[in-house]
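Asker: Residues per chain, in single letters:
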Amino acid sequence: MKSKGCFKKREAMMKQAIDNIVEQNREELIQFTQELIRIKSMTTYERELAQMVEKKMKELGYDEVIVDPMGNVIGRIGDGEIKILYDSHMDTVEVNDADEWISDPFGGEIIDGKMYGRGTVDMKSSIAATVFAGHAIKSMGYDKGKTIYVSASVMEEDYDGEALEYILTEGGYKPDYVVICEPSSLNVALGHRGRALLKVDVDGVAAHGSAPEKGDNAVYKMNIIIDRIEKKAQQMIQMSGEKGSLALTRIESKAVSLNAIPDHCSIYLDRRLIVGEDYRYISNEMANLLEGTQASWQVYDVEGTSYTGKPVVLHSFLPAWEIEEDHSLTVAAQSAYRGIFDEDPVLFKWDFCTNGVASMGKCHVPTIGFGPGDPKLAHKRDEHCLISDLLGAYQFYTVLPSCL
Amino acid sequence: MEKAEEYKLEISQFLRDMIAIPSESCDEEKVVLRIKEEMEKVGFDKVEIDPMGNILGTIGHGKHVIAMDAHIDTVGVGDIKLWDFDPYEGMEDNEIILGRGGSDQEGGMASMVYAGKIIKDLGLEGDYTLIVTGTVQEEDCDGLCWQYIINESKLKPEFVVITEPTSLNIYRGHRGRMEIKVTTNGISCHGSAPERGDNAIYKMAPIINEIKALHENLIDDPFLGKGSMTVSEIFFSSPSRCAVADECSISIDRRLTNGETWEYALQQIRNLPSVKTADAKVEMYSYARPSYTGLVYPTESYFPTWVLEEDHPACQAMVESYEGLFESKPLVDKWTFSTNAVSIMGRFGIPCIGFGPGHEDQAHAPNEKTWKDELVKAAAMYAALPLLYVNKYAK
Numbered sequence: 003m004k005s006k007g008c009f010k011k012r013e014a015m016m017k018q019a020i021d022n023i024v025e026q027n028r029e030e031l032i033q034f035t036q037e038l039i040r041i042k043s044m045t046t047y048e049r050e051l052a053q054m055v056e057k058k059m060k061e062l063g064y065d066e067v068i069v070d071p072m073g074n075v076i077g078r079i080g081d082g083e084i085k086i087l088y089d090s091h092m093d094t095v096e097v098n099d100a101d102e103w104i105s106d107p108f109g110g111e112i113i114d115g116k117m118y119g120r121g122t123v124d125m126k127s128s129i130a131a132t133v134f135a136g137h138a139i140k141s142m143g144y145d146k147g148k149t150i151y152v153s154a155s156v157m158e159e160d161y162d163g164e165a166l167e168y169i170l171t172e173g174g175y176k177p178d179y180v181v182i183c184e185p186s187s188l189n190v191a192l193g194h195r196g197r198a199l200l201k202v203d204v205d206g207v208a209a210h211g212s213a214p215e216k217g218d219n220a221v222y223k224m225n226i227i228i229d230r231i232e233k234k235a236q237q238m239i240q241m242s243g244e245k246g247s248l249a250l251t252r253i254e255s256k257a258v259s260l261n262a263i264p265d266h267c268s269i270y271l272d273r274r275l276i277v278g279e280d281y282r283y284i285s286n287e288m289a290n291l292l293e294g295t296q297a298s299w300q301v302y303d304v305e306g307t308s309y310t311g312k313p314v315v316l317h318s319f320l321p322a323w324e325i326e327e328d329h330s331l332t333v334a335a336q337s338a339y340r341g342i343f344d345e346d347p348v349l350f351k352w353d354f355c356t357n358g359v360a361s362m363g364k365c366h367v368p369t370i371g372f373g374p375g376d377p378k379l380a381h382k383r384d385e386h387c388l389i390s391d392l393l394g395a396y397q398f399y400t401v402l403p404s405c406l
Numbered sequence: 243m244e245k246a247e248e249y250k251l252e253i254s255q256f257l258r259d260m261i262a263i264p265s266e267s268c269d270e271e272k273v274v275l276r277i278k279e280e281m282e283k284v285g286f287d288k289v290e291i292d293p294m295g296n297i298l299g300t301i302g303h304g305k306h307v308i309a310m311d312a313h314i315d316t317v318g319v320g321d322i323k324l325w326d327f328d329p330y331e332g333m334e335d336n337e338i339i340l341g342r343g344g345s346d347q348e349g350g351m352a353s354m355v356y357a358g359k360i361i362k363d364l365g366l367e368g369d370y371t372l373i374v375t376g377t378v379q380e381e382d383c384d385g386l387c388w389q390y391i392i393n394e395s396k397l398k399p400e401f402v403v404i405t406e407p408t409s410l411n412i413y414r415g416h417r418g419r420m421e422i423k424v425t426t427n428g429i430s431c432h433g434s435a436p437e438r439g440d441n442a443i444y445k446m447a448p449i450i451n452e453i454k455a456l457h458e459n460l461i462d463d464p465f466l467g468k469g470s471m472t473v474s475e476i477f478f479s480s481p482s483r484c485a486v487a488d489e490c491s492i493s494i495d496r497r498l499t500n501g502e503t504w505e506y507a508l509q510q511i512r513n514l515p516s517v518k519t520a521d522a523k524v525e526m527y528s529y530a531r532p533s534y535t536g537l538v539y540p541t542e543s544y545f546p547t548w549v550l551e552e553d554h555p556a557c558q559a560m561v562e563s564y565e566g567l568f569e570s571k572p573l574v575d576k577w578t579f580s581t582n583a584v585s586i587m588g589r590f591g592i593p594c595i596g597f598g599p600g601h602e603d604q605a606h607a608p609n610e611k612t613w614k615d616e617l618v619k620a621a622a623m624y625a626a627l628p629l630l631y632v633n634k635y636a637k
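So the sequence lines, in the order shown, correspond to chains A and B. Heads up: take any position in the first sequence, counting from 1, add 2, and you land on the working numbering. Heads up: take any position in the second sequence, counting from 1, add 242, and you land on the working numbering.
A portion of the hints provided could be inaccurate.
Keeping only pairs whose Cα atoms sit at most 30 Å apart, straight-line, the calculated DSSO-like set for lysine-lysine is [said to hold, decoys possible]:
1. B:Lys-283 with A:Lys-216
2. B:Lys-634 with A:Lys-256
3. A:Lys-223 with B:Lys-634
4. A:Lys-223 with B:Lys-468
5. B:Lys-518 with B:Lys-245
6. A:Lys-234 with B:Lys-523
7. B:Lys-245 with A:Lys-223
8. B:Lys-523 with A:Lys-201
9. A:Lys-201 with B:Lys-634
10. B:Lys-518 with A:Lys-234
The set of hints was computed from the structure by calculation and includes no laboratory data.
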């Protein structure tokens with residue numbers, strides 16, 4: 003197979019070339035990552051960061067750089083037949099405990115070979131590594147017969163997958179392969195469970211609290227459903243093998259006054275999905291849970307607006323995805339990894355959601371995950387990324403296209 | 243009665259003035275000042291406003307202390323679209339007065355002040371001191387004002403007439419109530435791995451079932467009927483949007499009949515098997531909202547049941563006054579809602595008897611109204627009652 007041999011043939015030469023590229027660009031790459039860290043880019047506030055990414059892509063000689071109507075930055079290298087898209091999201095979660103960090107969360111300080119700051123792991127190191135990889139691919143001629151798209155997308159933290167789905171549908175990009183560059187400690191991620199946020203509503207009849215018999219208490223009606231959900235959740239826990247899960251996360255009631263019978267009750271369910279648990283499957287499951295009650299359910303939509311003013315709705319049904327171990331993309335990733343690190347990569351699955359729900363879950367584009375940084379440090383105090391991870395990912399992204 | 247009829251115009255005007263001044267709970271200062279002006283005008287012997295903001299007007303200097311109470315706060319107007327006219331501007335014709343507070347219960351205040359005037363005009367004074375109170379925050383926390391008056395102002399009347407609307411019937415009790423909170427605690431975890439946590443909402447579910455069942459099995463009372471309990475609210479807390487809830491609470495609206503105390507009602511819930519299994523916390527809510535003067539007088543949200551025996555002198559005197567004035571037999575019954583008597587009689591054992599202009603079903607309703615002839619008749623009753631009581635029933 004071509005991909006297996008891609009490195010062996012020119013092994014020594016390529017290794018030397020890659021080492022040279024890393025050596026030449028190392029300082030600039032690290033510096034750019036630090037610059038990205040120093041710009042705050044909470045979800046829907048990515049404008050300044052996007053401008054910086056756009057500028058850097060242009061400086062590095064990208065063939066085309068576009069900021070789409072949602073605010074995603076997409077750079078292109080080459081115009082070959084085989085199309086590969088690297089995706090990193092630009093937004094980060096907030097910092098509420100800046101005083102307790104060992105280093106300024108928006109400083110990008112390097113201590114003992116680790117860069118500290120919000121987004122070092124999730125996922126500005128990935129943006130920097132992919133942006134520079136595009137340049138390296140071009141300068142090494144790896145773009146021959148390939149088209150490389152580097153996307154820096156918006157609003158992942160609260161709207162998982164929506165931005166990438168937009169790029170792949172309305173944006174008109176049709177890659178053959180997608181690499182989700184979320185942190186993986188340089189292991190190769192082959193998928194993750196999906197997630198559905200569901201809301202269940204039931205109405206009652208209001209009445210004054212002194213005469214409960216005149217009303218129909220919505221909390222009592224919901225209680226029957228809660229009991230069924232608990233049993234169902236327990237059943238799922240008892241199952242063996244790969245499995246979904248069901249968590250009741252919120253409950254609320256509404257009443258006309260404090261002394262009135264509630265006429266509405268809502269609960270929210272966090273349903274983790276495995277491959278095969280699609281919308282139809284969940285519809286059946288919910289129909290069973292609500293059978294004989296007057297309750298209704300829906301997928302919970304989260305509405306927002308991107309920094310460009312474009313309305314974005316997260317329809318919270320995010321399907322699970324997985325890619326086979328012998329898929330050509332997986333094999334190419336293993337080959338690229340071996341060529342750089344002289345060993346086999348660890349294959350695993352993420353335990354969180356990524357934009358992969360859009361690329362593979364919804365749009366069925368073969369997808370793998372690979373990124374710098376330990377995913378356990380995401381969203382945490384003292385978030386940091388090893389400089390060696392940043393450089394390793396840079397090399398991996400540079401080499402991967404040549405293995406496909 | 244004739245004298246009262248003469249004051250129909252003044253009573254109506256005074257009531258309309260009060261209606262025109264919005265006076266929701268904790269914002270009653272302006273209406274209190276208007277009442278003070280009217281009390282002084284008609285010749286009360288003394289008019290005071292206490293530190294909580296309650297107004298107390300006195301007629302006479304006799305031995306037997308009798309009080310008559312109207313709360314002068316109102317509820318809000320609710321959905322303004324349901325009103326056919328401005329709730330504060332109000333309106334009137336020959337028979338009725340409309341506006342927020344007409345029945346509940348600035349009407350009672352208007353009748354009492356003019357009862358004071360009638361007593362003075364007709365020389366109905368005797369060996370009694372009549373205290374006419376306009377009290378605050380009743381809609382928010384019934385009876386709190388009288389906890390203050392009894393505890394802090396050391397006022398101990400022989401009985402208190404509650405002038406909340408009774409359609410001119412005589413009411414001698416109502417059910418009490420309390421607000422209870424039940425809380426379960428669990429262990430939070432990420433929504434993707436519910437098996438690592440212990441969901442507080444699941445722990446609450448069997449408690450709700452048992453509370454529903456307990457409601458069906460509460461004790462009965464021949465006069466007041468059964469108590470009741472219902473879950474009025476459910477809420478939770480958890481560290482993030484996609485985490486298992488580590489705390490869940492319900493509020494219970496508990497109506498108490500004769501013989502049910504707060505200890506009894508709390509113990510009843512604590513004894514539920516599901517509450518024991520979940521080790522749930524069962525407690526009373528409390529109230530600590532400052533009055534318009536800024537005074538904070540914290541109390542438990544417990545409003546005890548009260549019933550005055552039919553043969554009690556206060557009830558007998560009321561019945562006899564009624565028969566004397568209106569030449570018919572009164573209906574002696576009970577309120578459905580709650581009044582300041584929850585503290586006066588429920589907590590302190592001071593006898594209460596209810597008689598008031600306006601109708602209970604007008605309370606809190608849009609297009610609230612009251613009836614002018616009831617205002618006049620109530621004024622006559624309030625003027626006649628104290629002298630009849632001291633002459634015939636007081637010891």
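Asker: Please go over all the hints and tell whether each is borne out by the structure.
Answerer: Right, here's what the structure says about each hint:
Of the supplied pair hints, the one linking B:Lys-283 and A:Lys-216 is violated, its CA atoms being roughly 47 Å apart against a limit of 30 Å. Distance restraint check for B:Lys-634 and A:Lys-256: the Cα-Cα separation of roughly 53 Å exceeds the 30 Å cut-off, and the hinted pair is therefore not satisfied. Taking the CA atoms of A:Lys-223 and B:Lys-634, the gap is near 57 Å; set against the 30 Å cutoff, the hint is violated. For the hint linking A:Lys-223 to B:Lys-468, the alpha-carbon distance of about 23 Å falls within 30 Å, and the restraint holds.
Between B:Lys-518 and B:Lys-245 the alpha-carbon distance is near 64 Å, which puts this suggested pair outside the 30 Å criterion. With a C-alpha separation of about 27 Å, the suggested pair A:Lys-234 and B:Lys-523 falls inside the 30 Å cut-off, and the hint holds. At roughly 58 Å between alpha-carbon atoms, B:Lys-245 and A:Lys-223 are farther apart than 30 Å, so this suggested pair is violated. Restraint check: the Cα-Cα separation between B:Lys-523 and A:Lys-201 comes to about 28 Å, which is no more than 30 Å; the hinted pair holds.
Restraint check for A:Lys-201 and B:Lys-634: not satisfied, since their Cα atoms lie roughly 68 Å apart, outside the 30 Å limit. Only pairs whose Cα atoms come within 30 Å are accepted, and B:Lys-518 paired with A:Lys-234 is accepted, the gap being roughly 24 Å.
Figure legend: structure checked against the earlier numbered hints; hints not met, in rising order: 1, 2, 3, 5, 7 and 9.
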